[in-house]
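**Student:** Protein chains in written order, with full-length UniProt numbering: chain Z, 1 to 271; chain L, 1 to 271.
Hints are computed from structural coordinates only; laboratory data are not their basis.
These figures come from a predicted structure and were not determined experimentally.
Watch out, some of these pointers could steer you wrong.
[Claimed, not checked] Every beta carbon over 12 angstroms from chain Z, so not counted as near; a handful from chain L, in silico:
(1) Asp51
(2) Ile54
(3) Gly98
(4) Ser149
(5) Ala219
(6) Lys254
(7) Ser270
[As the list claims (entries may be wrong)] Result set (DSSO-like, lysine-lysine): computed pairs, CA atoms no more than 30 angstroms apart in a straight line:
(8) L:Lys168 / L:Lys261
(9) L:Lys254 / L:Lys214
(10) L:Lys205 / L:Lys254
(11) Z:Lys58 / Z:Lys120
(12) L:Lys199 / Z:Lys199
(13) L:Lys261 / Z:Lys214
(14) L:Lys73 / Z:Lys168
(15) L:Lys160 / Z:Lys254
(16) Z:Lys204 / L:Lys214
(17) Z:Lys204 / Z:Lys259
(18) L:Lys199 / Z:Lys205
(19) Z:Lys199 / L:Lys214
(20) Z:Lys204 / L:Lys204
(21) L:Lys254 / Z:Lys160
(22) L:Lys259 / L:Lys204
(23) Z:Lys259 / L:Lys160
(24) Z:Lys58 / Z:Lys121
(25) Z:Lys204 / L:Lys199
(26) L:Lys205 / L:Lys261
(27) L:Lys91 / L:Lys58
(28) Z:Lys160 / L:Lys168
(29) Z:Lys160 / L:Lys259
(30) Z:Lys230 / Z:Lys199
(31) L:Lys120 / Z:Lys168
(32) L:Lys168 / L:Lys214
(33) Z:Lys73 / Z:Lys58
(34) Z:Lys160 / L:Lys160
(35) Z:Lys58 / L:Lys168
(36) Z:Lys120 / L:Lys168
(37) L:Lys199 / L:Lys261
C-beta atoms are modelled at their ideal positions from N, C-alpha and C, and glycine is treated no differently.
Protein chains: 2
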Amino acid sequence: MWLRGFSRGILTELSRAVTSEAGYTMQRSRPLAKVFVSRRVPQEALNLLRDSGICDIKHWDSDDPVPRTDLLKGVAGVDGLYCLLTEKIDKELLDTAGPNLKVISTMSVGFDHLSLEEIKKRGIRVGYTPDVLTNASAELTVALLLATSRRLMEAVAEAKNGGWGTWKPMWLCGYGLSDSTVGIVGLGRIGFAVAQRLKPFGVKKFLYTDYEPKPEAAAEIQAEYVSLDKLAEQSDFVTIHCTLTPETVGLCNKEFFSKMKRTAIFINVSR
Amino acid sequence: MWLRGFSRGILTELSRAVTSEAGYTMQRSRPLAKVFVSRRVPQEALNLLRDSGICDIKHWDSDDPVPRTDLLKGVAGVDGLYCLLTEKIDKELLDTAGPNLKVISTMSVGFDHLSLEEIKKRGIRVGYTPDVLTNASAELTVALLLATSRRLMEAVAEAKNGGWGTWKPMWLCGYGLSDSTVGIVGLGRIGFAVAQRLKPFGVKKFLYTDYEPKPEAAAEIQAEYVSLDKLAEQSDFVTIHCTLTPETVGLCNKEFFSKMKRTAIFINVSR
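Please construct the entire structure, taking both the sequences and the accompanying hints into account.
**Tutor:** Right, here's the structure in full:
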């Protein structure tokens, strides 16, 4: 779904550029807009670019990031760039791309890899993809939490190595969410979505910590704003959802872990 | 929590038996009630029996089931039996136990392993543990579903074998619950609890099938009653929650699987 929106974004910009230069009429004889796609991306997105009929696509069709030299070669003279957060879009790259570059679409929530000032200076439009992975990230957080608490990895290993026999009451028992306390570090979009998903599992109490209280989100999931220490001490499950900044480096350190309950489960979905 | 209730059940019966035979007064000089515990069970349950001061416990302290001959030896002359569904409690066992046996507590939802008629004939009271695992079973169902759909087992294997490199947009992509259709075979307590837990993941539609429509449960999760065929054809996720009976043997056979979407995920938590 969001891929359609994403490719549409780059197309809108390119088609605006192409048509405006051509006096608001699409001239088929005019050269197609050159677009460099820097990674193997979902086919649906490529199809949108291809089917538009206005794009000449150069594609780094690999699961691995494009090396810098190939990236620089690839962007020379392009009108559009479809990139990921592995590509550093700086002055050097923009100069190499040249004055044709009209739009950069990055398939990422973050845009730290873009030199926004240089981009602005050149009047280049930027597309990015906020929100599109909120649900998926929350779902993966719950998946990791349950797989850990219910010891699925060990269970699968036992099933594979022949250790899975008759049912044993105490064997591979884990910890359930019923009546538990869940601590959320960073009650942003993803942290909130995680709490919404965990609630019907019978969580007794949500604790959260953040730069500042988030009264609206907290009210909806009846979460209590606490210090990081209290969160560590009282939670049966801790999930981490914060950006990596100078303030959050080393946030969960030895001291934090030593305050946690011995049976608590820690899930980090931050970078 | 439920273990407390469970051990309390056996204790209530034994203490009733002991005190009634002793003329409603606890006589410390009276021999303790003999209890056979047929497996390694949670310590909390054993503590309740021990701390009661009225039980003399014989314990088959192993994760593996007690062999029949040891079980028969173990129950000879007991007042109480704490067993699991692996122990067949039939005429032979009851005769071997003898007339002292007053209460059988089985740590199981099912009681197919108990010859109820023989037990009734002897006036023996029976305890079992319905409902206590509904939440845990539903939680494990969701854990299995997410671990499968989000390909956690493959991801863990890659992390272990060194295959985990930089982020790749298409790598290990799974299927999300957002906007999906979930089909539940058997909308009993567990099936219903699974639907409740999956709802906030953004499931678009719940389908279910059962011996007959369950209008109350269905209304609460807005589930539609459909045939097994339609459920197979339309669901992105199928979870199975039904007892193994002559009618359900082979329910999900080759024909069923061939009707499922090629991308659908099938989770069987039935026996």
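**Student:** Does each hint fit the structure? Answer for all of them.
**Tutor:** Hints and how they fare:
1. Asp51: holds (20 angstroms)
2. Ile54: holds (24 angstroms)
3. Gly98: Fine: 27 angstroms to the nearest Cβ keeps glycine 98 (chain L) off the interface.
4. Ser149: violated (8 angstroms)
5. Ala219: holds (17 angstroms)
6. Lys254: holds (23 angstroms)
7. Ser270: Holds, because the least Cβ-Cβ distance between serine 270 (chain L) and chain Z comes to about 14 angstroms, which exceeds 12 angstroms.
8. L:Lys168 / L:Lys261: holds (26 angstroms)
9. L:Lys254 / L:Lys214: holds (27 angstroms)
10. L:Lys205 / L:Lys254: holds (25 angstroms)
11. Z:Lys58 / Z:Lys120: Given that 30 angstroms is the threshold and the Cα spacing comes to 24 angstroms, the pair holds.
12. L:Lys199 / Z:Lys199: Distance of about 11 angstroms is within 30 angstroms: holds.
13. L:Lys261 / Z:Lys214: Given pair lysine 261 (chain L), lysine 214 (chain Z) is violated - Cα atoms ~42 angstroms apart, limit 30 angstroms.
14. L:Lys73 / Z:Lys168: holds (22 angstroms)
15. L:Lys160 / Z:Lys254: holds (24 angstroms)
16. Z:Lys204 / L:Lys214: Cα-Cα ~29 angstroms, so holds.
17. Z:Lys204 / Z:Lys259: Given pair lysine 204 (chain Z), lysine 259 (chain Z) holds - Cα atoms ~20 angstroms apart, limit 30 angstroms.
18. L:Lys199 / Z:Lys205: This hinted pair holds, its Cα atoms lying about 20 angstroms apart.
19. Z:Lys199 / L:Lys214: holds (25 angstroms)
20. Z:Lys204 / L:Lys204: holds (27 angstroms)
21. L:Lys254 / Z:Lys160: holds (24 angstroms)
22. L:Lys259 / L:Lys204: Within the cut-off at roughly 20 angstroms; holds.
23. Z:Lys259 / L:Lys160: holds (29 angstroms)
24. Z:Lys58 / Z:Lys121: holds (25 angstroms)
25. Z:Lys204 / L:Lys199: Cα-Cα ~19 angstroms, so holds.
26. L:Lys205 / L:Lys261: holds (16 angstroms)
27. L:Lys91 / L:Lys58: holds (21 angstroms)
28. Z:Lys160 / L:Lys168: Within the cut-off at roughly 28 angstroms; holds.
29. Z:Lys160 / L:Lys259: holds (29 angstroms)
30. Z:Lys230 / Z:Lys199: Distance of about 21 angstroms is within 30 angstroms: holds.
31. L:Lys120 / Z:Lys168: holds (28 angstroms)
32. L:Lys168 / L:Lys214: Roughly 45 angstroms between the alpha carbons, so the hint for lysine 168 (chain L) and lysine 214 (chain L) is violated.
33. Z:Lys73 / Z:Lys58: holds (11 angstroms)
34. Z:Lys160 / L:Lys160: holds (16 angstroms)
35. Z:Lys58 / L:Lys168: It holds: about 19 angstroms lies between the C-alpha atoms, which stays within 30 angstroms.
36. Z:Lys120 / L:Lys168: holds (28 angstroms)
37. L:Lys199 / L:Lys261: holds (21 angstroms)
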